[in-house]
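**Student:** Now for the letters of each chain:
2 protein chains.
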Amino acid sequence: MNAPTPAPQLLPEIKARAVPPALLDALLARFGTQFSTALVVREQHGRDESAFSVPPPAAVVFVQNTQDVADAVKLAAQFKVPVIPFGVGSSLEGHLLAVQGGISLDVSRMNEVLRIDANDLTVTVQPGVTRKQLNEAVKSTGLFFPIDPGADATLGGMSATRASGTNAVRYGTMRENVLALEVVTAQGEVIRTGTRAKKSSAGYDLTRLMVGSEGTLGVITEVTVKLYPLPEAVMAATCSFDSLADAVNTTIQIIQLGIPIARCELLDANTIRMVNAHSKLSLREGAMLLMEFHGSPASVQEQVEIVQELAADQGGQTFEWAATPEERTRLWTARHNAYFAGIQSRPGCKAITTDTCVPISHLADALLDSVTEAEQSGLTYFLVGHVGDGNFHMGYLIDPDIPQERDTAEQLNHQLVQRALKLGGTCTGEHGVGLHKMGFLVEETGSGAVAMMRSIKQALDPDNIMNPGKIFTII
Amino acid sequence: MNAPTPAPQLLPEIKARAVPPALLDALLARFGTQFSTALVVREQHGRDESAFSVPPPAAVVFVQNTQDVADAVKLAAQFKVPVIPFGVGSSLEGHLLAVQGGISLDVSRMNEVLRIDANDLTVTVQPGVTRKQLNEAVKSTGLFFPIDPGADATLGGMSATRASGTNAVRYGTMRENVLALEVVTAQGEVIRTGTRAKKSSAGYDLTRLMVGSEGTLGVITEVTVKLYPLPEAVMAATCSFDSLADAVNTTIQIIQLGIPIARCELLDANTIRMVNAHSKLSLREGAMLLMEFHGSPASVQEQVEIVQELAADQGGQTFEWAATPEERTRLWTARHNAYFAGIQSRPGCKAITTDTCVPISHLADALLDSVTEAEQSGLTYFLVGHVGDGNFHMGYLIDPDIPQERDTAEQLNHQLVQRALKLGGTCTGEHGVGLHKMGFLVEETGSGAVAMMRSIKQALDPDNIMNPGKIFTII
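Chains W and P supply the protein sequences, listed in that same order.
If you count the first sequence from 1, position 227 lands on 980 in the working numbering, and the numbers rise without skipping.
If you count the second sequence from 1, position 24 lands on 777 in the working numbering, and the numbers rise without skipping.
It is possible that some hints are incorrect.
Here are some of the chain W residues that sit facing chain P, going by a computed Cβ distance under 10 Å [said to hold, decoys possible]:
| # | residue |
| --- | --- |
| 1 | D873 |
| 2 | L896 |
| 3 | A921 |
| 4 | G925 |
| 5 | R949 |
| 6 | E967 |
| 7 | G971 |
| 8 | L983 |
| 9 | D1108 |
| 10 | T1109 |
| 11 | G1131 |
| 12 | A1173 |
| 13 | M1205 |
| 14 | I1209 |
| 15 | L1213 |
The set of hints was computed from the structure by calculation and includes no laboratory data.
Treat the numbers as computed from the prediction; the structure is a model and nothing was measured.
For every residue, glycine included, the Cβ atom is placed at its ideal position computed from N, Cα and C.
Kindly produce the complete structure, drawing on both the sequences and the hints.
**Tutor:** This is the structure we're talking about:
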């Protein structure tokens, strides 16, 4: 394997701060049965989908409203103990691991859809509402919420990691879709950012500062997002290619021509094999684009015709149409489950997942060389991509008990990130920095920008209690 | 006139800090002919389109590159003297007024288009490049940059105020379209934020923190923005209505149905009269929607048919089509010049301009009552609106030498903002806070959020030298 630069040390330093019994007593007194120090509960709140293993938090508080959050944060602040928000635990980069100890704030019971303003195309929810629950709640309005990470994540978690998914190529990410937030600060104060107006120039964009701040600046307690009218016509299709390059080049042309494609996903042959097994499908085992077109019937027809032509030029097989909504749902569910299909293909494995995103013209360069390296490494892997955005994920399936496999996977990820940064891209398109990409963040944006992030963190959270040890280190 | 609540005191407190001769000497030594203390130059850099009158800055530095900016800021920082970035001086809220004295940094000579990445739909420019210059530079690529405030503003200024314009309803504002920045911090350090990748979850969103920060957190020295393929088909039309309510209700329906209209502008009868005089047009004197549709020929045709039907239901007259690109340009130029047409309609006047933006279902409530109040006041006014976004501007034309007129205008603005805030909107959709909306900002977002903005400011600019006295006060 071609390994010019050594992979950085990625395991987090564990420096658990003491959690004084007086804090635990105070939390118990305030929260009663909403408070737990049971090991099984703590362990469930001390792991996510990352491959890291870290001791669990000292306790879990199941908050039910904003006042609960404010009170819990105020108590933790009094004792300078870390507070880590928890949604459903689907983060991929170690975001919720208690690397400095502390208390987990489980917001999953804050799961009310607070107001649906269908006439304004907005909805306001509590942070524990999941994306599927939200779409169920707004179904009768003829509107939908497009952001769809693989897991059925919470809106709070999706905001905190600036998540996206398969629809981002047309509808944007959480960055573009969160209009307003309620946030509990590190001091336990409740603030509001943004309004339901579509645009605003009213001061610093605190909404977008909080979106993607991974719980390090405050706890999100309310989220207002945009909704979209369900498209009049929807068509989904798969197209199989003889090579990844052909599929990627088709994608690049679709984007450069400005086709308003709603979804443009790539799955490699490995993924197809895993997905076929997991979801009982019989998709052709080759590089595949899974696409969806939204619009009026005529506009969808136009998009389809152009994309078919582009695909045919690259040797794409005939489009296979998902004729019914049920078939469409089955295909997209399979796509959303690709990560789990990958994990289940090797029992007991963990996935080390990459997440680079590059300017669209460099997608082939970024992706194909990374695949060659993965092939040469001998590791099992899968590749799925929101390629319309220039974003793709490789999942290296490792046995967590074999250090050599982890090292190889981290080395591959390291080379892949270096390549993306050289091409003008980012180390993380949608998963966030967490513990895993702290070193890459400095390489990507420079120490000056990270110093600015650190200054902001220190100004808003001087005792470093909000999810400490994530994104960057505090010196 | 119905005036239940008193208008707040809006004139800024002038607290010019001393500019030591040693700083002026050092700037002269470093910048030579790029440095000026001539009164006429200073006065030109000490006023914008706002109705405020404030003593000019002590000197002007004409920066030519990032190093110039860094050196000027470092010198100013050494003497704790304010630095105020200046583009073309088209801001409307007093953003560039030297309310605390200091040095104006004129970036207009930093006007190079640095790189056009047509294959990635991005372009990188220096901050002094204007929007028209940018579109001229990318014309041959088949791409365009949609954000278009009324003035031919600079990309630096547009970033700093989070500007938008007539295309925002489809293409978003500077918030959605700036991908990356180079910024000189208050310490004179050069940092980079963002990449050319379409999306990213890499740490705090410093790009969007800087966008809209009005020069208070740093000087923007490079801007990377998205470009879009020129639409295959473009159709522009005007439709005249018997009442403002009919035009507004048509707009609300267009947006609620999710029609991807590219531009949807409202002009009231007063504006039409002023525009007809200024641009030698003969538009029907009534409430008018000026619309544009982008897409494939079939998609444009579909949009037009639906909108025509919606307009007809509200009593809209027949659509008047801009048949040729020249005619289209003439119409949009007239729209862009509406502000200046208003100003010129009353020689010697200044405009006090409103900028609220509300959730779309409340647009009629927000707009019609404000018009009634303006009518009752006896002041001359005009109304133009990016109504597709829920954003509209009233321009109250006042004689700056008649305090009573200014008071009346401020009172009207005050009532209009209160109404917008009650309806879930914002006091400024696109012009920024500057000096004029500092009080409204607190009402809109609450003192907690403003305190957070202030903490960020103090962390990044502890000596308060970057455009001090704007957005909020430092206590």
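**Student:** Now, for every hint given, state plainly whether the structure supports it.
**Tutor:** Going through the hints against the structure:
1. Taking 10 Å as the C-beta contact cut-off toward chain P, the hint placing D873 of chain W at the interface holds, the least distance being around 4 Å.
2. At about 9 Å, the closest approach between the beta carbon of L896 of chain W and any beta carbon in chain P falls short of 10 Å, and the interface hint on this residue holds.
3. For A921 of chain W, the shortest C-beta to C-beta distance to chain P is roughly 6 Å, which falls under 10 Å, so the interface hint holds.
4. Because the smallest distance between the Cβ of G925 of chain W and any Cβ of chain P comes to about 7 Å, under 10 Å, the interface hint for this residue holds.
5. Restraint check, R949 of chain W versus chain P: the minimum CB separation of about 4 Å is within 10 Å; hint holds.
6. For E967 of chain W, the interface hint holds, since its Cβ comes within 10 Å of a Cβ in chain P; the closest pair sits about 8 Å apart.
7. A distance limit of 10 Å between C-beta atoms decides the matter here; for G971 of chain W the minimum to chain P is near 9 Å, and the interface restraint holds.
8. With its C-beta approaching chain P no nearer than about 9 Å, L983 of chain W sits inside the 10 Å limit, and its interface hint holds.
9. Here the hint on D1108 of chain W is kept, as its CB sits about 8 Å from the closest CB of chain P, short of 10 Å.
10. With its C-beta approaching chain P no nearer than about 8 Å, T1109 of chain W sits inside the 10 Å limit, and its interface hint holds.
11. For the restraint placing G1131 of chain W at the interface with chain P, the shortest Cβ-Cβ distance is roughly 30 Å, beyond the 10 Å limit, so the hint is violated.
12. Satisfaction of the interface hint for A1173 of chain W is found here, the shortest Cβ-Cβ separation to chain P being roughly 8 Å, below the 10 Å cut-off.
13. With 10 Å as the threshold, the beta carbon of M1205 of chain W comes within range of chain P, its nearest partner Cβ sitting at about 6 Å, so the hint holds.
14. Checking I1209 of chain W against chain P: minimum C-beta separation of about 6 Å stays under 10 Å; hint holds.
15. A hinted interface residue such as L1213 of chain W counts as satisfied when its beta carbon comes closer than 10 Å to some beta carbon of chain P; here the least separation is about 6 Å, so the hint holds.
In the structure shown, a violation is registered for the earlier hint numbered 11 alone.
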